[in-house]
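A.B. asks: Work the whole structure out from these sequences, hints included.
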Amino acid sequence: MRNFVTIFRRELNAYFVSPMAYVVMVFFFALASVFFYLFLASFLQNQQMIQMQAQQSGRFQPVNVNLMLIRGLLMNLSVISLFMIPMITMRSFSEDRRNGTMELLLTSPLTNWQIILGKYFAALTLYAAMIGTTLVYMVILFVYGDPELLPIISGYLGLFLFGAALVAIGIFVSSLTENQLVAALVTFVVMLLLWLVGALGTFNSTNWTQQVLQYLSTIEHLDDFVKGVFDTRHLVYYVTLAFFGLFLTYQSVESTRWRG
Amino acid sequence: MIEVQNVSKSYGPVHAVKDVSFSVQKGEILGFLGPNGAGKTTTMRILACFMPATSGTAKVAGYDVFDQAMDVKKRIGYLPENPPLYMEQTVRDYLRFVAGIKGISANLVQQKIDRALELTSTTEVSQRIIGKLSKGFRQRIGLAQALIHEPEILILDEPTVGLDPAQIIEVRELIKNLAGDHTIILSTHILPEVEQTCDRVVIINKGQVVAEDTTAGLTHKLQGVSSVRIEAVGDPEAIKVVLGSIQGVAKVTHTAGAYMVESMAEKDVRGELARAMVKNDFTLLSLQSVGMNLEEIFLQLVKTENGDGRIEA
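First to last, the sequence lines map onto chains A and B.
Residue 116 in the working numbering sits at position 116 of the first sequence; the count goes up by one each step and never skips.
Residue 255 in the working numbering sits at position 255 of the second sequence; the count goes up by one each step and never skips.
Hints were generated in silico from the structure; no laboratory data involved.
Because the structure is a prediction, the values reported are computed rather than measured.
Don't take every hint at face value.
[Said to hold, decoys possible] To give a feel for the contact side, a few chain A residues facing chain B, derived at Cβ under 7 Å: (1) R10; (2) G100; (3) L110.
[Claimed, not checked] So the derived label-pair ranges between C-beta atoms look like this: (4) A/D224 <-> B/E88: 39 to 49 Å; (5) A/G100 <-> B/T214: 48 to 58 Å; (6) A/D224 <-> B/T57: 33 to 43 Å; (7) A/V136 <-> B/D67: 51 to 61 Å; (8) B/E118 <-> A/R2: 21 to 31 Å; (9) B/G217 <-> A/G100: 44 to 54 Å; (10) B/M87 <-> A/R2: 22 to 32 Å.
We treat Cβ as the ideally placed atom computed from N, Cα and C, and that holds for glycine.
C.D. replies: Shown next as structure tokens:
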């Protein structure tokens, strides 16, 4: 446990000592802000229209902030994350391999799991912090509006799990190469594929392939979370994907020893 | 302390190390000598549990490097060829991290860091960022990293590379001082380093051990012939005849005012040479024994292909 904490702290420090953590967080926040503004503007416009209609028809229907603003915003945050996660995970193992510090780690009395999990949770913490910056908008919505709390919690939980799975994959890719740029690009492509795979199913006539492809898609599982529906099926999917990524990382680190 | 038996490491068809065996006693400094690409780093990486051998066994401090890697790792300090440093950290933060992963208990960390800094004379830079330090300091911090947890065994891959002459002397002194408490194995392709710091030497070439002996013993053993250099005034031909007539002398050559007398190693002919010169009225200016130094031995060994130059230790 102590070894894990030592690795975790160093990795987290490395993010915040280098400009990387700030760049990622600022970029993410800036893009998220643009989306927040757009969603808010369109939401207000809709609200006005609905109120006008309500006055004409005499029936008043309250506008749902969760459905019409937060849901779209959180889905978009997941898309921005696709660009940010490769930047977070690319250095994870690649840097150590290039620097020769991998030799220090592998010849110290550490298990592979301590190294991998230390790096993984450091990257995941940065991801969570990045996502966390947008909570400020939720606060704004609570101050000026009346959103429901539970769907927001479940939405952020979904985003966190979505990241947990993709960070594991990014770490795995990073363990394959010394080149950070290659790691980032490959991670991005893999994540994009996992995101788009569900769309392949859309035009597929046979029912079961469509279901399988949609099940594999990372984005399909996020939708329910963001709607406020908590389904263990989706939890299982993300956790499985995370474990799978970490398992592959373990194999990769182990094989570095043999390949030399 | 270290037992290496028939260790081989191959990458596909390429043998990096082939059938290497040697051993190191407790408290000894073993020099691992060989040209670049001879397999020194590979052997050290195997001993440091960084990579497994293809075949053969190696034991460090009584533990097998493959089956009991964790026990080995706890007992070794390893300095790879490129010091494994995190460039963005300060020296002290870095050493604190290393102390953590080497399992030093929290209340001893400060003390051990100070000790390592002191031993490697890097206390003055302890607050600086590693990436901004000179190569010499980085190398020494690499060394500090290897000995921070006071391991029984130190594995140092070219510890003096990149240092200036004064620093080289410092590091060699440091290594010598560490011996006794620590068993040290160091690799180098610089000969004087082995002559000056090591008790024993293993010469490796093309992945194979070509010689293993004490530094002195190796020099001695390789002197199949010993040479004596004589300077004298007189008729060269006459002198050659006189010198050549002495028993045990194999060959006399005359070059640039000096005579090289080669004889069998076991017999010291210097006394007789002097007496013969004086008896025949030649003016003897100087007479000295010319030993073959390690450099010549080394070159002789690595030049001999296919391990024909192997010397049975």
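A.B. asks: Hints broken by the structure, by number, lowest first?
C.D. replies: 5, 6 and 9
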